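> Residue numbers (my numbering), protein chains in the order written: chain A, 1 to 311; chain B, 1 to 311; chain C, 1 to 311.
Do not rely on the hints blindly, as some may be mistaken.
Pairs of lysine to aspartate or glutamate residues, derived as DMTMM-like cross-links and limited to a Cα-Cα distance of at most 20 Å, are as follows [unchecked claim]:
no.	chain 1	residue 1	chain 2	residue 2
1	C	K94	B	D277
2	C	K194	C	E230
3	B	K37	C	D44
4	C	K34	A	D44
5	A	K94	C	D282
6	B	K43	C	D44
7	A	K43	B	D44
8	A	K34	B	D219
9	A	K37	B	D44
10	C	K94	B	D282
Output of the computed footprint for chain A on chain B, the stretches with three or more beta carbons under 8 Å from beta carbons of chain A [what the hints assert, rightly or not]:
no.	region
11	89–95
12	98–105
It is worth saying that the hints were derived from the structure and are not from the lab.
Note that this is a predicted model, so its numbers are computed, not measured.
In this text, a Cβ means the ideal position worked out from N, Cα and C, and glycines have one as well.
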Amino acid sequence: MNTLQHFLGIKGLQKELLLKILNTANSFITDDGKAFKSVPLFKDRTIVNLFFEPSTRTRSSFEVAANHLGAHVLNFDTDTSSIKKDESLVDTFKNLEAMHLNLFVIRHSIAGTAELLAQHASPHVSIINAGDGCNEHPTQAMLDVLTIMQHKASFSKLRIAIVGDILHSRVARSQIYALTTLNVAELRIIAPRKLLPTDIDLERLGVKIYHNLSSGLVDVDVIIVLRMQEERNSDNSLPSKAEFYSEYGITNDRLKIAKPDVIVMHPGPMNRGVEIDSEVADGPHSVILKQTTNGVAIRMAIMSLLGNKGE
Amino acid sequence: MNTLQHFLGIKGLQKELLLKILNTANSFITDDGKAFKSVPLFKDRTIVNLFFEPSTRTRSSFEVAANHLGAHVLNFDTDTSSIKKDESLVDTFKNLEAMHLNLFVIRHSIAGTAELLAQHASPHVSIINAGDGCNEHPTQAMLDVLTIMQHKASFSKLRIAIVGDILHSRVARSQIYALTTLNVAELRIIAPRKLLPTDIDLERLGVKIYHNLSSGLVDVDVIIVLRMQEERNSDNSLPSKAEFYSEYGITNDRLKIAKPDVIVMHPGPMNRGVEIDSEVADGPHSVILKQTTNGVAIRMAIMSLLGNKGE
Amino acid sequence: MNTLQHFLGIKGLQKELLLKILNTANSFITDDGKAFKSVPLFKDRTIVNLFFEPSTRTRSSFEVAANHLGAHVLNFDTDTSSIKKDESLVDTFKNLEAMHLNLFVIRHSIAGTAELLAQHASPHVSIINAGDGCNEHPTQAMLDVLTIMQHKASFSKLRIAIVGDILHSRVARSQIYALTTLNVAELRIIAPRKLLPTDIDLERLGVKIYHNLSSGLVDVDVIIVLRMQEERNSDNSLPSKAEFYSEYGITNDRLKIAKPDVIVMHPGPMNRGVEIDSEVADGPHSVILKQTTNGVAIRMAIMSLLGNKGE
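Based on the provided sequences and hints, a complete structural model is requested.
This is the structure in structure tokens:
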């Protein structure tokens, strides 16, 4: 546990560490589940939200988590246009670090940016990856597995399907690493051929690939619906919205193929009527808002585990 | 009093509630009037400023008020372009609510947005309307009546004139509801015919309409000058600035028509030389900066009255 | 000392006051130099960052400093387009002042803006200039002299060279006033003829002017490299980047002309490969990140010295 200086990605993390994060997150939720405990672990400290991509929910979730830990939040929103080169991005980071700031949450459109800053970070400084290009979004994956853990028995008995645009999804990559590390019984990916990633050895990880939604949903306990990320569609790899909905959209009818107590998840923001029908999103199987709630607890947990070293 | 879950508009509120808000606001101002008391009613809580229209003063006023109550403020500024449909606006709101945030201040260019979110809010969540389209801006009206109350004897003896662009003014609508509920002796509206609203039954409310400024100002105790809102002039209903100034601009000369101790108010930001002359704005009858001061106290009061239920 | 209501510029300040600020700043740094002390001098107060020019580092530095003093920070970022006239800028300021806010940090692209607001400020309100056009950036100059003081013996024995675009540099103006007031042995300016300022009587201040870098660097203890400010190049007075680098860029080779223990400073953000080589910026003579660290301490010091009067 004493190696957790940064939280850059799920890939390569040990199962024990993931479980420790999950249990810590649960401990920050009050018994009735209606609030987060305020734990002043970061009293008088300033946490930096360094967001180089527009974000509202994730940034807010980190800010709320930081507030519950007693910290100030320095919001440093900017677009990549003002910081054009890796070199000056590092300069920006080193400058903030020189202000004796030692916990940075970073989001950037380029894969590997969090890792890059971690390489340049001083020994007492921690970096949390809040999404880097199409690479990883590890806090999202952790809140997803926390939500699954709260609703289902043991990971080792679960069939889980991730549906949609895997290719452009950093969320999916982090989920795949987390769920295989937690030894789920069966992890399925349901996607059109051209929306599969080429940078992960799915076979070696034991992930099953389906191109047909109806086949892929048979008997699953959990459906994770991904967002159609049109903003990353520079290669025009995405199908039309109507086409995607007709082949891969999650509807109440298609839910019947899965287990009767299936839960449906989505990282948000949802494209209703594209990858998910409103009846499902707002229906009894949906745990989508629960995911958002868990996001705050997970971020409190990760910050607190890093923070012990950060001080 | 125990029905104050939200604060969406003045319309329909009881006189007793308005007086309770006014008295609470006064109690948050120090005896010498030079500061606000710091009352940690919201210690460790996070209040959300959800602003879908550019705003500086109102947002700042709520943030200062929240700070005096011990709260963190999550600023969630965005333009409507990124949240195009009501549906996804509700999704955004429900997501923030899922982070166990329970007090939202909302401004939006579309009338009814605060009401819409209130309909979707969970029982323990409160919404304050900080301006919705041309509908209402109730905290502004409350700070205005607080300012009047501090300078004049009894509402029931006052003649008050609201001057200018009533049609586009959510401020005017809230003022009309507040001042008629508080039973002012006489409420006058002074405006060109085409800048009168069509959605309020002014006659039933007992409001007198004047098209001539000189007639309307006779013997008034209070003049409320409205801002020419060129940004809402999509229907080209506004006269030219010079034309408006010549017919309706408040000058020192025209002040002489009113009572000798008349006070002049303006919700800001002012168009000096259009609806108000600088001599008046900065002159001895102006209580315009006093309004701004009272804005913080009123917002503290409203938050604190909602907050008792919010926890 | 009791005259420090505002901090608008270095010009005209007494040596004793500069030394008091420097010593106060040092007192806010922990003995090991790795953190700032948290001193709740501004507990429950709200400090306003009123930035009319895009800024990240300076705004962040003030925010971090304010947090260490226990204050909330109200960030009021805007571009000049929304506040077009001095008159309405003053209105904006007077409105914020009316919210009983009494410490303002202001940056504006027009020289004299901080002074303008100070003229309009109420007696209990303080203004800190965080950069006004090409006029002054006094907190930057103070952090620079603090950095020099920490690395060198006595100001009266130092030869210091400021290199680059003096014409457009508010930093350089403030440095010149600070360093001459502190009676450095020799202050040199090294710049092409067309990048010299015309509004300072350098001769009367005893500043020596060099147009040749190699001559100017002989035996200096401190080199202050300025940023090429292409954003202020409306008069096309700047040379090309390559041209500037070849004649005035600070390289390891050129450092050898200076004293062996020379320190190199830069206010940031750096244009690496233009006014400074990366080998120098990241090399053993560089104290550039130390400057950033000192920026927080200096801003804490200045706020705290103003703050004693501000309450």
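> Each hint should be assessed against the structure and marked as holding or not.
Status of the hints after comparison with the structure:
For a cut-off of 20 Å, the pair hint linking C/K94 to B/D277 stands: about 17 Å separates their Cα positions. Restraint check for C/K194 and C/E230: satisfied, since their Cα atoms lie roughly 15 Å apart, inside the 20 Å limit. A threshold of 20 Å between alpha carbons decides the hint, and for B/K37 with C/D44 the separation of about 10 Å falls inside it, so the pair holds. For the suggested pair C/K34 and A/D44, the alpha carbons sit about 15 Å apart, so the restraint of at most 20 Å is met.
With a C-alpha separation of about 11 Å, the suggested pair A/K94 and C/D282 falls inside the 20 Å cut-off, and the hint holds. Annotation: proposed proximity of B/K43 to C/D44 holds, straight-line Cα distance about 12 Å (limit 20 Å). This hinted pair checks out: A/K43 and B/D44 have alpha carbons roughly 11 Å apart, not beyond 20 Å. Simply put, A/K34 and B/D219 have alpha-carbon atoms about 56 Å apart, too far for the 20 Å limit, and the pair is violated.
With a C-alpha separation of about 10 Å, the suggested pairing of A/K37 with B/D44 holds against the 20 Å cut-off. Annotation: proposed proximity of C/K94 to B/D282 holds, straight-line Cα distance about 11 Å (limit 20 Å). With a threshold of 8 Å between beta carbons, the proposed coverage of the region 89–95 of chain B by chain A holds, since 4 of its residues qualify and at least three are required. Interface restraint, the region 98–105 of chain B with chain A: holds (4 residues with C-beta to C-beta distance below 8 Å; minimum three).
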